[in-house]
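Number of protein chains: 2
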Amino acid sequence: MRYELFYWPSIQGRGEYVRLALEEAGADYADVARTERGMSAMMKMMEAPKGMAPFAPPFLKAGKLVIGQTANILFYLGSRHGLAPKAEAGRLWVHQLQLTVTDFVLEIHDTHHPLGPSLYYQDQKGPAKKRTGEFWKDRVPKYLGYFERVLDSNGGHYLTGRRLTYADLSLFQIVEGLRYAFPRRMKTFERDIPGLVDLHDRIAARPNIKTYLASRRRIAFNEDGIFRHYRELDV
Amino acid sequence: MRYELFYWPSIQGRGEYVRLALEEAGADYADVARTERGMSAMMKMMEAPKGMAPFAPPFLKAGKLVIGQTANILFYLGSRHGLAPKAEAGRLWVHQLQLTVTDFVLEIHDTHHPLGPSLYYQDQKGPAKKRTGEFWKDRVPKYLGYFERVLDSNGGHYLTGRRLTYADLSLFQIVEGLRYAFPRRMKTFERDIPGLVDLHDRIAARPNIKTYLASRRRIAFNEDGIFRHYRELDV
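Protein sequences appear in the order of chains A and B. Here this note's numbering is used: the first residue of the first sequence is 154, the next is one more, and so on. Here this note's numbering is used: the first residue of the second sequence is 154, the next is one more, and so on.
Wrong hints could be hidden among the right ones.
Repeated chains share a single entry, so a pair holds when one copy, or any two copies, can fit it.
[Unchecked claim] Taking lysine-lysine pairs in the DSSO-like style, the calculated list, with each CA pair at most 27 Å apart, reads:
#1 K203 with K295
#2 K239 with K282
#3 K214 with K295
#4 K214 with K203
#5 K290 with K197
Don't read these hints as lab results, they were simulated from the structure.
When you get a sec, could you build the whole thing from the sequences and use the hints?
Okay, structure coming up:
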């Protein structure tokens, strides 16, 4: 089956967690909004008069199914492509970790948009500076400290044990993104999360991921996405 | 099976979405942290040296399983208690709606904590005012307009059709909470969401929910929870 992924064509954003899973799995997919007339196809699906229209991208078309919400898409893909256990307990545990990543991603976004997504960054620079300070003082240590501890207590190889899951791929993206957005802060902080840095490096070296990252399918980080580099926030 | 719910004992918070599902289902459960020595039991589980400790409350103990993240708990409970379809497509669709509620709940929380959860409200009153303004101008219409449309296009009875799901219960709580936190703003806005208001009223009248709301098991809204009433934000 050829999947159709619908996501904004010019950013990694929340779609990137899905792209990484599809790429690692070697799945056949179209990144629809990046194809000709793809954007209008995506907008049309969001306006669908029928009752199952998604709230926002990303969403994935898998045969007749249309699945929205990043973590929900990964939940669907995971056990089909060897990126999550098949048994219920394991599936729920990986999903739980992914939902914690989701919460963290929203807090990352709020560092540059503390007054909400409807105002420009330029209109909230002061509050962004304060929120970013709190983020690095309290939230990064809390979230990444938690994932470091989970990784360590499960043997240090992957978050849930000896097999890679989509939650590991998402943490790879978190480390990549924080390095892009906050290179100076992250450099210091990485001393506290040696396990996650090692996990990041091992994932970057996996054949499918390595190929993907070097391809044009991987959109570069930029200041329209979740991870944004604003020098004044990286002190 | 007697479930054990672990959540902060003095607020509705994110635990309330789980409580409403358990109550509607007539499930047997203990609200552990509200029992004697319950708080220390909860803290102990979060410090579990084993690799499956949850990041934060709420979490649910179901036999040997420990399930964290509100939407994940509801996903688990839903199909077991007739609060979600059993078939995969339906389960994913209800879960997708719930994850959109989750996003909205975080934005509700950010109205009074735009600079982050680690500072007091008193230290971020100005930004809270701005964020709340944006929230009511853009975000409430976007989220509740979406749910109103989903409800309407599926027949107006419940979000996904003719049967109640846990996502309907969560929207009941959203209406309750917005009425508590922003009585003046909400009064005006309710004209735009007649379907959701009607859904709220029908859920409030369901026997199990009615009994629950009148019981001491229902914690009153207060200014430590997600929905907080600050007069200066409700203009």
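Consistency of the hints with the structure:
Within a single copy, K203 and K295 get their C-alpha atoms only as close as 41 Å, which misses the 27 Å cut-off; across copies the closest is 18 Å, which meets it. When the C-alpha separation of K239 and K282 is checked against a cutoff of 27 Å, the pair qualifies neither within a copy, at 43 Å, nor between copies, at 47 Å. Only between protomers do K214 and K295 lie at most 27 Å apart by alpha-carbon distance; the minimum there is 23 Å, versus 35 Å within a single protomer. In the homo-oligomer, the alpha carbons of K214 and K203 lie at most 27 Å apart inside one protomer (15 Å), although the nearest pairing across protomers, at 37 Å, exceeds that limit.
Taking CA atoms no more than 27 Å apart as the test, K290 paired with K197 passes between copies only; the shortest distance there is 25 Å, against 42 Å inside one copy.
Violated hint: 2 only; the structure is consistent with all others.
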